[in-house]
Amino acid sequence: MLSPADIDTLLLTFKVASIATILMLLFGTPLAWWLARTHSAWKGVINAIVAMPLVLPPTVLGFYLLVLLGPAGVIGRFTQWLGVGTLPFTFAGLVVASVLYSMPFVVQPLQASFTAIGEQPLEAAATLRASPLDTFFSVVMPLAKPGFLTASILGFAHTVGEFGVVLMVGGNIPDKTRVVSVQIYNHVEALEYTEAHWLAGGLLLFSFTVLLVLYTGLKTSPVAHQLK
Amino acid sequence: MFYKHLIHCLFIFGLVIWESATWAETTLVAVASDFTKPMNEIAVEFEKATGHVAKLSFGSSGKAFAQIQSGAPFEVYLSASDKYPLELEKSGFAVVDSHFVYAIGKLVLWSATPGYVDDQGEILKTGNFKHIALADPSHAPYGVVAEEVMKSQGVLDKLRPLFVMGENISQTFQFVSTGNAELGFVAFAQVVDIHSGKIASGSGWIIPNNLHSPFNQTAVLLKTGAENPAAIALVKFLKSPEARTIIEKYGFGLLH
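Line by line, the protein sequences are chains X and U. Counting from 11, one number per residue, gives the positions in the first sequence under my numbering. Counting from 2, one number per residue, gives the positions in the second sequence under my numbering.
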């Protein structure tokens with residue numbers, strides 16, 4: 011069965027994933043909205059940057075983060091100047107790395123559903139003298155609800171499943187940065203296959219359930235359709 | 002006349018190809034990541050000396066062990082400890098009694114900052130650092146000996162909350178070399194300057210062998226390679242004076 015240490019890693023994983031998902035929705039929503047509406051020449055560049063983690067091997071991203079966030083790195087110097095020290099090997103560092111790594115899974119579904127809304131509902135709202143902010147909250151958000159659901163589920167699930175980046179940035183510290191994927195890896199490396207099976211099987215079940223909900227529950231949404 | 006010459010040349014050319022096809026074999030080798038640098042050089046010399054090719058796959062010893070047991074096509078296995086090769090002989094994946102110590106690992110307490118680590122390791126007792134890096138002792142041999150050293154200095158329990166653990170010794174080295182961990186236990190081979198035999202940069206304490214259990218890096222011939230002349234030749238070459246010179250140059254010890 012699961013040991014107390016295993017349960018700790020599970021709790022920590024869900025904590026990281028929850029906080030990261032909230033942050034990704036906060037930052038990802040305006041970004042996706044801008045990407046869906048803009049005709050700027052920068053659109054292609056920003057789209058490419060957001061999608062980078064899909065292509066880069068996690069160990070590459072993890073290594074660059076380690077260098078950038080470290081005491082000699084640009085971001086590391088900034089965080090030290092702010093007086094919060096450096097981010098690697100901390101819970102906050104894990105959240106920052108997860109946000110960067112899982113961002114495309116939040117931005118892309120949101121962007122797709124914002125684009126699918128089109129101009130008409132926005133123009134209709136404008137003729138009724140709704141402010142842009144009012145339009146966003148009363149028109150766009152309800153219409154893009156399936157997009158928000160997809161983004162939250164994928165962002166959360168992808169953070170739970172990440173491994174390479176957290177291994178590099180986290181430093182495998184019990185209770186602080188040792189998440190479930192790292193714990194499974196540790197079990198396998200230490201030849202504790204039974205323990206590894208319990209955790210890995212649980213994660214398999216979790217992933218399947220999440221994707222099942224996504225594909226059957228959101229059947230009618232344009233975004234879920236796109237994902238197929 | 003010209004054609005006769007050409008046919009002659011083709012004949013010789015064909016002979017050469019036939020020769021090399023018969024004699025030059027390839028062997029696939031799993032190598033512990035701390036042995037990356039010396040093994041790359043040994044493979045070059047091995048090819049020069051025998052004509053055989055050694056293809057190298059680097060990673061943690063534990064991972065290679067699990068892969069071999071699941072039927073990975075490695076033919077020679079250079080582990081960072083003696084535990085896994087002996088286990089493979091017992092479980093029938095390796096040729097019985099083929100194991101031998103190819104190098105003795107040396108541990109160093111190292112920092113990327115010059116003058117940070119003193120040459121007696123007093124910093125372990127007095128230092129005011131936030132992180133100390135080591136390879137994960139649950140599966141990495143370098144992590145196991147690092148813990149033994151801290152225990153011998155009476156600082157293990159005090160330092161445990163400051164541990165950051167690399168999956169293997171290469172990752173542990175990255176933690177320290179990027180300055181994210183102020184200091185850490187890494188392989189001497191990772192920081193040695195091969196011309197002077199001293200630590201190339203930063204500062205470090207080369208840890209005496211008597212502070213930890215014997216660190217015998219052991220190799221074994223796997224059953225998959227038992228019939229391959231290249232695999233057998235590589236095992237022999239690892240014990241040759243040429244190979245031993247390279248192994249020592251990179252800061253490893255030898256058994257005798």
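No lab work stands behind these hints: they were computed from the structure. Don't take every hint at face value.
Derived DSSO-like pairs: lysine-lysine, alpha-carbon spacing no greater than 27 Å straight-line [unchecked claim]: (1) X:Lys186 to U:Lys237; (2) U:Lys240 to U:Lys199; (3) U:Lys84 to U:Lys126; (4) U:Lys107 to U:Lys84; (5) X:Lys186 to X:Lys53; (6) U:Lys56 to U:Lys224; (7) U:Lys131 to X:Lys25; (8) U:Lys199 to U:Lys107; (9) U:Lys131 to U:Lys159; (10) U:Lys91 to U:Lys240; (11) U:Lys84 to U:Lys250; (12) U:Lys107 to X:Lys186; (13) U:Lys224 to X:Lys186; (14) U:Lys131 to U:Lys152; (15) U:Lys237 to U:Lys64; (16) X:Lys186 to U:Lys250; (17) U:Lys64 to X:Lys186; (18) U:Lys224 to U:Lys240.
Which of the listed hints are broken here? 1, 3, 5, 12, 13, 16
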